[in-house]
Amino acid sequence: MNDNHTPRNEHEHVLQEDLDGHTIEELTDYLESGRNPVNPSIEDSPACQRALEGLARLRTLTSTALEEEARSEPDVEEHWLRGVVSSIVAESRVGRRIPISDPDPSADLAITEGAVRGLVRGAEEAVPGVIVGKCRFLGAVEEPGAEIRISLEVSVLYGLPMHSLVTALRREVAKRIEQHSELQLEAVDIRVSDVVTRAKEEERP
Amino acid sequence: MREYTPRISLADADDRILAGRAADGDVEAFTVLVRRHTPRLRAATRLITRSTLEVDDIVQESFVTAWQRLPDLEDQGKVQPWLMRIVTRNAISRVRASRPYQDIDDLYSTASGDTSPDRVVENRAQMAALRETLDGLPSLQRDCWVLREIGGYHYDEIAEQLGTSVSTVRGALARARRHIIVRMEAWR
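Heads up: the sequence lines are chains A and B, in that order.
Numbering follows this note's numbering, with no gaps: position 156 of the first sequence is 181.
Numbering follows this note's numbering, with no gaps: position 74 of the second sequence is 242.
Calculated from the structure, these hints are not laboratory results.
Certain hints may be false.
Example chain B residues on the side facing chain A (calculated, C-beta under 8 Å, incomplete) [unchecked claim]:
#  : residue
1  : P174
2  : D180
3  : I185
4  : A191
5  : G193
6  : D194
7  : A211
8  : Q228
9  : F231
10 : W235
11 : M295
12 : R345
13 : R346
14 : I348
For glycine and all other residues, C-beta sits at the position ideal for the given N, C-alpha and C.
Looking at chain A on its own, in the form it has when it is part of the complex (with noise of 0.2 Å):
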C-alpha cells in the first residue's frame, strides 16, 4: 500500500486519542466476545461506550435491513427457478454402485445409492405426517449381499404420536429395501430432528 500522504502513524493516533486508547478494532473484538471479560478501561471511557453502542447498533441494522429488503422482494419468479435448477447436473449425486445378482452370470446389474435413497425417502408417502431428510447406508453396499444399516433423519407433524409414526416408516422402509435390492438390512435408524408445526392446515378431503 503506498500512500505517502498520509503516514500510518497520525491515522494511528487520532484512532487512539479518539477512543483513551482503545481502537475500533479493539472495541469489535471486545463486543463479538460478548464483552466478557470485562474490560473496565473500555467499560468506563464515555468515548468507547458511543463507539460500543454504534457497533452494536449497526449490527443490528444491517440484519433488520436487509431482512426488511429481503421481504419487498418480488416473488421468485418461476422461470428463473427452472433456469437455476436446470443449470445443476443432479447426476452428481448417484453414489455407490449396489450390485444386482442375476441368473446369468454374464448380466451386471446394479442400482445405484442414489437411487434406493430415492427409494427410501419415498417411505414417506405410505406413512403421512412424516417427511424424510438425509438418508444414509452404513456398510459395504458394493458388495452383494452386504450387511447394511440405514441412517434417517425425519420430521414430524405436530401433535402426532412420534413412537408409532417411527415405527412405522421403519417398517415401509425395510420393506421398500426387501422389495428393490439385496442389500441385507440390520437396522433402520432413525432420528426426529424436528416438528413441524404447519402455518396452513389446507386441503382436508
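Keeping the supplied structure of chain A fixed, place chain B upon it in accordance with the hints.
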C-alpha cells in the same frame, strides 16, 4: 372413523430436512430451498452491485455452487449463513473483476459520499442509506465490510480472498466501521 393426517409438504419442511435431501440428490427439495432463500440472497447481492442483471447472475451462480457443495455442508441446519457466504464471495469477486483500477490509497483514505445529516431514515430506507454509505467507502473497505458483516467471513479468509494481509483487513474494517457509525448517527 379414522382421523385424516395431513402430509408434510416440502414447503413446510425446515432447511435441515431440505438440505439433507438435496445433498442426497433430491432436486425438488433443492428447488424449495432456492425459492425460499432467493429474496435474501438478492437483497444481499444488491448491496454489492446495482445491476439487476448481474444480481440474477450472481444468485444463480451461487445456487449452482451450493448444489455442488451441499454434500460437504457440515451443519445442514445452517443453510442460510452458508448461502450468504457463497453469494457475498461471488458478488465481491464479480465486482472486483469489473473495477477498472484499485484505489491506490484505499486503506488510509477517507470515505466520501456524505449523506445529509437531517435525513429521517427508517426501516427500508435504512438499507438505502446503508448502501449509499457503503458506496461512499473506498473499495477495499467496502469489500472487507461486506465479506465480514454480510458474508460472515473471518479476517484471515477475507485476507486470502482479497489477496492481502490480515492486518490490512483489520485496518480497513476499522475504518469502514468508524465511517458507517458516524454516518449512522445522522440516520437516527
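Consistency of the hints with the structure:
{"no.": "1", "hint": "P174", "result": "7 Å, holds"}
{"no.": "2", "hint": "D180", "result": "6 Å, holds"}
{"no.": "3", "hint": "I185", "result": "4 Å, holds"}
{"no.": "4", "hint": "A191", "result": "7 Å, holds"}
{"no.": "5", "hint": "G193", "result": "3 Å, holds"}
{"no.": "6", "hint": "D194", "result": "7 Å, holds"}
{"no.": "7", "hint": "A211", "result": "4 Å, holds"}
{"no.": "8", "hint": "Q228", "result": "5 Å, holds"}
{"no.": "9", "hint": "F231", "result": "5 Å, holds"}
{"no.": "10", "hint": "W235", "result": "4 Å, holds"}
{"no.": "11", "hint": "M295", "result": "4 Å, holds"}
{"no.": "12", "hint": "R345", "result": "6 Å, holds"}
{"no.": "13", "hint": "R346", "result": "5 Å, holds"}
{"no.": "14", "hint": "I348", "result": "6 Å, holds"}
Checked against the numbered hints given earlier, this structure breaks none of them.
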